[in-house]
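Number of protein chains: 4
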Amino acid sequence: MNKEQFIYLQETGNVSIPVILFNNYSKLGLNEEEFMMILQVKKFKQNGNQFPTPTELSDHMSFSTSTCTSILRSLIQRGFLTIEECEENTILFENYSLKPLWDKLYSYLMQENNKVEQEKSKQEDL
Amino acid sequence: MNKEQFIYLQETGNVSIPVILFNNYSKLGLNEEEFMMILQVKKFKQNGNQFPTPTELSDHMSFSTSTCTSILRSLIQRGFLTIEECEENTILFENYSLKPLWDKLYSYLMQENNKVEQEKSKQEDL
Amino acid sequence: MNKEQFIYLQETGNVSIPVILFNNYSKLGLNEEEFMMILQVKKFKQNGNQFPTPTELSDHMSFSTSTCTSILRSLIQRGFLTIEECEENTILFENYSLKPLWDKLYSYLMQENNKVEQEKSKQEDL
Amino acid sequence: MNKEQFIYLQETGNVSIPVILFNNYSKLGLNEEEFMMILQVKKFKQNGNQFPTPTELSDHMSFSTSTCTSILRSLIQRGFLTIEECEENTILFENYSLKPLWDKLYSYLMQENNKVEQEKSKQEDL
Numbered sequence: 012m013n014k015e016q017f018i019y020l021q022e023t024g025n026v027s028i029p030v031i032l033f034n035n036y037s038k039l040g041l042n043e044e045e046f047m048m049i050l051q052v053k054k055f056k057q058n059g060n061q062f063p064t065p066t067e068l069s070d071h072m073s074f075s076t077s078t079c080t081s082i083l084r085s086l087i088q089r090g091f092l093t094i095e096e097c098e099e100n101t102i103l104f105e106n107y108s109l110k111p112l113w114d115k116l117y118s119y120l121m122q123e124n125n126k127v128e129q130e131k132s133k134q135e136d137l
Numbered sequence: 012m013n014k015e016q017f018i019y020l021q022e023t024g025n026v027s028i029p030v031i032l033f034n035n036y037s038k039l040g041l042n043e044e045e046f047m048m049i050l051q052v053k054k055f056k057q058n059g060n061q062f063p064t065p066t067e068l069s070d071h072m073s074f075s076t077s078t079c080t081s082i083l084r085s086l087i088q089r090g091f092l093t094i095e096e097c098e099e100n101t102i103l104f105e106n107y108s109l110k111p112l113w114d115k116l117y118s119y120l121m122q123e124n125n126k127v128e129q130e131k132s133k134q135e136d137l
Numbered sequence: 012m013n014k015e016q017f018i019y020l021q022e023t024g025n026v027s028i029p030v031i032l033f034n035n036y037s038k039l040g041l042n043e044e045e046f047m048m049i050l051q052v053k054k055f056k057q058n059g060n061q062f063p064t065p066t067e068l069s070d071h072m073s074f075s076t077s078t079c080t081s082i083l084r085s086l087i088q089r090g091f092l093t094i095e096e097c098e099e100n101t102i103l104f105e106n107y108s109l110k111p112l113w114d115k116l117y118s119y120l121m122q123e124n125n126k127v128e129q130e131k132s133k134q135e136d137l
Numbered sequence: 012m013n014k015e016q017f018i019y020l021q022e023t024g025n026v027s028i029p030v031i032l033f034n035n036y037s038k039l040g041l042n043e044e045e046f047m048m049i050l051q052v053k054k055f056k057q058n059g060n061q062f063p064t065p066t067e068l069s070d071h072m073s074f075s076t077s078t079c080t081s082i083l084r085s086l087i088q089r090g091f092l093t094i095e096e097c098e099e100n101t102i103l104f105e106n107y108s109l110k111p112l113w114d115k116l117y118s119y120l121m122q123e124n125n126k127v128e129q130e131k132s133k134q135e136d137l
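Chains A, B, C and D, in that order, give the protein sequences. When we follow the working numbering, the leftmost residue of the first sequence carries the number 12, and every step to the right adds one. When we follow the working numbering, the leftmost residue of the second sequence carries the number 12, and every step to the right adds one. When we follow the working numbering, the leftmost residue of the third sequence carries the number 12, and every step to the right adds one. When we follow the working numbering, the leftmost residue of the fourth sequence carries the number 12, and every step to the right adds one.
Think of the hints as simulated: they come from the structure by calculation, not from any bench. Among the clues, some could well be false.
No copy labels: a pair is met if it fits in one copy or bridges any two.
Stated by the list, open to error - Keeping only pairs whose Cα atoms sit at most 20 Å apart, straight-line, the calculated EDC-like set for lysine to aspartate or glutamate is:
(1) Lys38 with Asp70
(2) Lys56 with Glu22
(3) Lys53 with Glu22
(4) Lys126 with Asp136
(5) Lys14 with Glu128
(6) Lys56 with Glu44
(7) Lys126 with Glu15
(8) Lys56 with Glu99
(9) Lys38 with Asp114
(10) Lys14 with Glu95
(11) Lys126 with Asp114
(12) Lys53 with Asp70
(13) Lys56 with Glu95
(14) Lys38 with Glu67
(15) Lys115 with Glu22
(16) Lys53 with Glu95
(17) Lys131 with Glu15
(18) Lys126 with Asp70
(19) Lys110 with Glu95
(20) Lys56 with Glu67
These numbers were taken from a predicted model, which means no experiment stands behind them.
Could you put the whole structure together from the sequences, leaning on the hints where they help?
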């Protein structure tokens with residue numbers, strides 16, 4: 012690996028994913044193919060492409076363009092992904108947003124914590 | 012989210028995955044389910060569990076234990092994952108190793124680079 | 012860079028640091044040298060060394076061993092770092108813990124959020 | 012921590028730094044304050060600000076604006092950081108680039124590897 016390749020490797024960098032999301036995506040209702048689609052969207056956004064097309068996603072995955080389209084549609088319909096409109100220099104852009112995913116993860120974590128707390132207080136009542 | 016949950020979130024940390032692996036896993040011959048299995052193994056290893064069982068993996072995925080077993084077996088047979096034996100205080104341990112994956116990624120990147128170089132020298136010859 | 016070096020690079024991996032900590036360490040009272048000491052401790056812990064010595068830290072920093080000792084002592088005294096005792100197979104180990112740092116970060120974020128909320132409700136009262 | 016704060020935390024994300032850079036920055040000739048300046052520039056770039064001002068950097072560090080200016084100047088003069096000009100929609104922009112840092116790290120790793128190889132062949136000659 013020559014110097015140019017090493018620099019490219021460092022400049023493209025890494026995708027950082029919370030362990031807590033890795034541990035719980037399936038409990039949130041995502042399967043591996045859907046979760047990987049979300050991670051690919053995250054990667055494209057991080058590298059400056061806020062609205063990758065199904066064809067761009069397909070180039071980095073084992074799915075056809077039409078499968079990418081249908082997974083994206085399903086993720087949006089089930090509230091894991093949204094499309095946000097934003098304006099820059101009077102031009103309207105569309106961006107994917109992962110906020111609904113973080114929202115679902117937060118609710119799940121709070122709910123799990125409540126269960127633990129209730130369990131504790133039950134045992135103290137005995 | 013209370014203080015204890017926040018500290019837990021920070022202590023569990025993140026899994027960091029090179030963008031270059033995200034861009035090329037499907038060209039290496041992995042589908043999304045297999046790649047996710049590899050990332051889960053990486054996560055367990057990072058958190059100190061060098062040899063997660065199919066049941067432990069299944070708890071964090073949408074797969075049954077037996078599906079985990081068969082995906083792991085296939086990854087080992089096709090040379091994406093190996094089991095290393097290591098000794099600590101005279102006790103033998105088994106660890107998963109991702110070295111074969113990095114090996115395959117390296118070979119792929121070198122091969123792609125060679126193609127680009129050959130293309131360049133062809134054009135210079137004209 | 013040959014294959015062995017590339018594999019080593021991938022196996023050593025990355026240290027992942029929350030942007031929110033990067034933005035606020037100086038508001039928590041840490042200077043750059045102290046924050047870097049904390050990041051080095053985090054890196055050693057991640058790679059399996061839970062209690063790096065001042066000499067080990069010094070090998071990866073621009074500080075002498077005795078400067079490392081005095082920075083570590085100061086971080087412990089001011090409540091950014093603690094030493095936890097833990098038992099494994101009847102042997103007692105000492106580990107550095109970053110929990111006090113996350114505790115301070117949490118308190119700071121909550122306090123900042125309260126200020127914003129109070130500002131909002133003041134403006135609504137007008 | 013409420014839902015909005017949790018989402019903000021996830022959206023700001025993490026800075027990922029190769030362990031190999033953490034282990035060797037001081038051997039490349041950087042002290043902790045200089046290395047932290049580079050990490051701050053990396054963080055700003057990742058969040059879309061390719062050319063943070065000394066004032067913006069100072070807001071997230073323990074340094075004054077003028078200290079930031081002088082550290083940046085020294086990093087540029089010693090070849091750890093460069094300013095690249097790039098054009099977008101006929102407007103010229105200035106960006107910080109970390110490519111010289113990766114270049115230095117690559118050269119250092121190759122040089123260390125050569126030493127190891129030479130040592131090996133010497134021992135084989137005996």
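Evaluated hints:
1. Lys38 with Asp70: between (28 Å within a copy, 9 Å between copies)
2. Lys56 with Glu22: both (15 Å within a copy, 11 Å between copies)
3. Lys53 with Glu22: Both. Shortest intra-copy (17 Å) and inter-copy (10 Å) distances satisfy the 20 Å Cα cut-off.
4. Lys126 with Asp136: within (15 Å within a copy, 38 Å between copies)
5. Lys14 with Glu128: between (54 Å within a copy, 14 Å between copies)
6. Lys56 with Glu44: within (19 Å within a copy, 22 Å between copies)
7. Lys126 with Glu15: For Lys126 and Glu15, the Cα distance is within 20 Å only across copies (15 Å; inside one copy 53 Å).
8. Lys56 with Glu99: both (16 Å within a copy, 19 Å between copies)
9. Lys38 with Asp114: within (14 Å within a copy, 28 Å between copies)
10. Lys14 with Glu95: For Lys14 and Glu95, only the inter-copy Cα distance (19 Å) is at most 20 Å; the intra-copy one is 39 Å.
11. Lys126 with Asp114: Within one copy only: 19 Å inside, 23 Å across.
12. Lys53 with Asp70: Within. Shortest intra-copy distance 15 Å satisfies the 20 Å Cα cut-off; inter-copy 24 Å does not.
13. Lys56 with Glu95: within (13 Å within a copy, 22 Å between copies)
14. Lys38 with Glu67: between (28 Å within a copy, 14 Å between copies)
15. Lys115 with Glu22: between (32 Å within a copy, 14 Å between copies)
16. Lys53 with Glu95: within (14 Å within a copy, 26 Å between copies)
17. Lys131 with Glu15: The answer is between: 15 Å across copies meets 20 Å, while 57 Å in one copy does not.
18. Lys126 with Asp70: Only across copies: Lys126 and Asp70 sit 19 Å apart there, 43 Å inside one copy, limit 20 Å.
19. Lys110 with Glu95: within (10 Å within a copy, 33 Å between copies)
20. Lys56 with Glu67: within (12 Å within a copy, 23 Å between copies)
Violated hints: none; the structure is consistent with every hint.
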